[in-house]
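Given the coordinates of chain A, work out where chain B should sit on it, guided by the hints.
So the protein lines, in turn, are chains A and B. Quick note: the first sequence uses full-length UniProt numbering, first residue 1, plus one each step. Quick note: the second sequence uses full-length UniProt numbering, first residue 1, plus one each step.
In short, the hints are calculated from the structure, not lab data. You can take every hint at face value.
Pairs involving identical chains hold if they fit within one copy or between any two copies, as the list cannot separate such chains.
Listed below are the simulated DSSO-like cross-link pairs for lysine-lysine, each with C-alpha atoms no more than 30 Å apart in a straight line:
#, residue 1, residue 2
1, K110, K210
2, K110, K225
3, K275, K240
4, K13, K210
5, K6, K210
6, K110, K81
7, K110, K240
8, K234, K110
Only a predicted model underlies this, so the values are computations on that prediction, with no experimental measurement involved.
Number of protein chains: 2
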Amino acid sequence: MTFDIKLAAAEAKAAKNAIANLTQAARLSLLLAIAKGLRSCVDSIIDANKIDLANAKENGLSEAMIDRLALDEAGVEAIAKAVEEIAHQPEVLGSINSIQPLPSGIQVGKMRIPLGVVAMIYESRPNVTIDAAALCLKAGNAVILRGGKEAQASNQALAAVLHSALEKQGLPAAIATVIPVPDREVMQSMLTLSDSIDLIIPRGGEGLIKYVSENSQIPVIQHFKGVCHLFVDKDADLDKALPILENGKTQRTGVCNALETLLVHAEIVEQAMPKIASLFSQKKVKVHACERSISYFDGASPATEADWEAEYLALEIAVKVVDDFDSAVTHIQRYGSGHTEVIVTENLGNAQRFMREVNSSVIMLNASSRFSDGGQLGLGAEIGISTSKLHAYGPMGAQQLTTEKFVVYGDGHIRT
Amino acid sequence: MTFDIKLAAAEAKAAKNAIANLTQAARLSLLLAIAKGLRSCVDSIIDANKIDLANAKENGLSEAMIDRLALDEAGVEAIAKAVEEIAHQPEVLGSINSIQPLPSGIQVGKMRIPLGVVAMIYESRPNVTIDAAALCLKAGNAVILRGGKEAQASNQALAAVLHSALEKQGLPAAIATVIPVPDREVMQSMLTLSDSIDLIIPRGGEGLIKYVSENSQIPVIQHFKGVCHLFVDKDADLDKALPILENGKTQRTGVCNALETLLVHAEIVEQAMPKIASLFSQKKVKVHACERSISYFDGASPATEADWEAEYLALEIAVKVVDDFDSAVTHIQRYGSGHTEVIVTENLGNAQRFMREVNSSVIMLNASSRFSDGGQLGLGAEIGISTSKLHAYGPMGAQQLTTEKFVVYGDGHIRT
Numbered sequence: 001m002t003f004d005i006k007l008a009a010a011e012a013k014a015a016k017n018a019i020a021n022l023t024q025a026a027r028l029s030l031l032l033a034i035a036k037g038l039r040s041c042v043d044s045i046i047d048a049n050k051i052d053l054a055n056a057k058e059n060g061l062s063e064a065m066i067d068r069l070a071l072d073e074a075g076v077e078a079i080a081k082a083v084e085e086i087a088h089q090p091e092v093l094g095s096i097n098s099i100q101p102l103p104s105g106i107q108v109g110k111m112r113i114p115l116g117v118v119a120m121i122y123e124s125r126p127n128v129t130i131d132a133a134a135l136c137l138k139a140g141n142a143v144i145l146r147g148g149k150e151a152q153a154s155n156q157a158l159a160a161v162l163h164s165a166l167e168k169q170g171l172p173a174a175i176a177t178v179i180p181v182p183d184r185e186v187m188q189s190m191l192t193l194s195d196s197i198d199l200i201i202p203r204g205g206e207g208l209i210k211y212v213s214e215n216s217q218i219p220v221i222q223h224f225k226g227v228c229h230l231f232v233d234k235d236a237d238l239d240k241a242l243p244i245l246e247n248g249k250t251q252r253t254g255v256c257n258a259l260e261t262l263l264v265h266a267e268i269v270e271q272a273m274p275k276i277a278s279l280f281s282q283k284k285v286k287v288h289a290c291e292r293s294i295s296y297f298d299g300a301s302p303a304t305e306a307d308w309e310a311e312y313l314a315l316e317i318a319v320k321v322v323d324d325f326d327s328a329v330t331h332i333q334r335y336g337s338g339h340t341e342v343i344v345t346e347n348l349g350n351a352q353r354f355m356r357e358v359n360s361s362v363i364m365l366n367a368s369s370r371f372s373d374g375g376q377l378g379l380g381a382e383i384g385i386s387t388s389k390l391h392a393y394g395p396m397g398a399q400q401l402t403t404e405k406f407v408v409y410g411d412g413h414i415r416t
Numbered sequence: 001m002t003f004d005i006k007l008a009a010a011e012a013k014a015a016k017n018a019i020a021n022l023t024q025a026a027r028l029s030l031l032l033a034i035a036k037g038l039r040s041c042v043d044s045i046i047d048a049n050k051i052d053l054a055n056a057k058e059n060g061l062s063e064a065m066i067d068r069l070a071l072d073e074a075g076v077e078a079i080a081k082a083v084e085e086i087a088h089q090p091e092v093l094g095s096i097n098s099i100q101p102l103p104s105g106i107q108v109g110k111m112r113i114p115l116g117v118v119a120m121i122y123e124s125r126p127n128v129t130i131d132a133a134a135l136c137l138k139a140g141n142a143v144i145l146r147g148g149k150e151a152q153a154s155n156q157a158l159a160a161v162l163h164s165a166l167e168k169q170g171l172p173a174a175i176a177t178v179i180p181v182p183d184r185e186v187m188q189s190m191l192t193l194s195d196s197i198d199l200i201i202p203r204g205g206e207g208l209i210k211y212v213s214e215n216s217q218i219p220v221i222q223h224f225k226g227v228c229h230l231f232v233d234k235d236a237d238l239d240k241a242l243p244i245l246e247n248g249k250t251q252r253t254g255v256c257n258a259l260e261t262l263l264v265h266a267e268i269v270e271q272a273m274p275k276i277a278s279l280f281s282q283k284k285v286k287v288h289a290c291e292r293s294i295s296y297f298d299g300a301s302p303a304t305e306a307d308w309e310a311e312y313l314a315l316e317i318a319v320k321v322v323d324d325f326d327s328a329v330t331h332i333q334r335y336g337s338g339h340t341e342v343i344v345t346e347n348l349g350n351a352q353r354f355m356r357e358v359n360s361s362v363i364m365l366n367a368s369s370r371f372s373d374g375g376q377l378g379l380g381a382e383i384g385i386s387t388s389k390l391h392a393y394g395p396m397g398a399q400q401l402t403t404e405k406f407v408v409y410g411d412g413h414i415r416t
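Bound conformation, chain A alone:
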């Protein structure tokens, strides 16, 4: 079986106006029909998922991968609920925030519009198929989904739900294309289709993102790793710092907004480090410590250059003592991944400087890095977290899948 991605992309382009110009009421119906379809097709989705799981075991996939692949009734219900949430979020299209009268007499505003056709390239989790489709449809885009080979049967069952909902609204199936044969050739060919596809969002390992970024002729939004820092300033309130450290490092370790490096101001080391050591010991956090802090930790290993760059995604952390505020900022600028950085301080000047000078996508004062997520930051569901500065930076919701055009109102005005 071969799949004609060029034709599919052209059909998506031809169908994009149909989704862009849908009324709010029709868009709501479409999304609710997807949620309903997920619930009524739960058996066929789970059956398809069983095929993927059996193949995964046969192919010797890791437990972690199989875990991400698996869908049960509760999993399908969670996806359906997420679609309903997206459906009921405020409309993003058509808004004009302000209109300015200009000296010539024309009035100028900017109106939010869809991007057109958005392609997602992702790996095993089948829930991404529906999450991404729902966010793209909410933003008025046609979507092309290229999931992982290991989730092929599940994704096809989910595609059937999408297409049935589109059909019920009298809309073309090409608005949501789920690539049936996710081989490498299809992806390579997709990356050249800049006439039809407006944006590519790769989600997955660093290798995939790097490959897509280097080979795409279409704009790419990158979601690289999260090497998140917590800087405990000399004027930190330790009653805030310790819970923020515990929450950031231990609440969930496998996520990109977990803390990976702790920087402690030299002047507060004697006071803070024993408490930090006690927390890590209690929570069984493995420590990679710099020379100036290693004596505080039982069983810590000496931090190497690799530790400053590490995204452990585990109960592990790198710890470094810094001489002053500037050293902390310099360290973050050198080793940070542009994701999320936190300062804990009661010093207003340092708080202001940190918020201003550290240019990762999310900068926090006295709050846990775990808030760095679309839902927690008020965007509703998210399609990922951009660590590249173009177009969107940080968590991306439906609004970040749109753009703005200029709208100009005249009454016969000409330029003199």
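Here is chain B on its own, set in the frame of chain A:
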């Protein structure tokens, strides 16, 4: 002489914080020092320009190219004035438009920050060297400028002005790099430096833009051609339509916001077309007309498929009669270049539909396409007009050379 673009880009990256964190007062001084430097070095700039002009003549460049290359005292003064205007525009960096309290108790806003290192690739006009540098510096970015070979001596004289102004402010010259040897190898190598360069903006012919888009591993903002449409609706007021047509087609023909195609609703043809024909005859506009309109024009040639795609940049226009509103929109969506489209109508419903459904970067009601320019739309100076939807769409000023990061204010907040 070879030029190490990799080293230059790394130096620009190392210098970007110095320009990003400059105070407003220091940024103003820097830009005013550039304007002052242009005035005090006017003789050396014009001398250098004479070398380029002599080479251009020797190499048989066209009169139009030589015209774009030439700089006289008035030209240098105009560039200096533009820099002063940019200097005095409102600050774009550091602004936070709103802060939202969220259910968790954290407060979330977005702060405007520089992109980092911006590279411009452009052709003959030497004024772009200073315009682009000034806009990038205003937006807090380091800039790498790769102008055309034919303007090499002029660009080096302008680079000396930039570097002298940077030095006076105690800033590294790497903040504004003007590539001394603009050969193709340097450009090819530049397109791979995604570790150092955050954005590439090519300005020039379609070939250059296509080449850069297809080969860059760095995000690109495209400035393609302007095939701008004017649609005279059935309910148009011809007292508005005719001046808007005249202004759009004849005020300046060689610019991307000039009109190239006129669409006329079938129901208004008998009333409008004789007046339009008389205007074109008086203004000596060559007409490429569809079958249904050709009889109105003396000496018109029959429009072919190529005419619907043409960017004449001359006193020429394509004319087509359309059956209805939808046919006009369909024609624009098929042949438009995403630049600027105008409707002239007194019909509120059609006006609203046009503003909503046509997704070029600038959509106008009863106003001339000639307003489609950064200055006229209130952005101040512009670095170009984006016809790609990612990051910026339409005229780009200093603000479009920035991005936004999330800023989160807590008081010990953790995620539960």
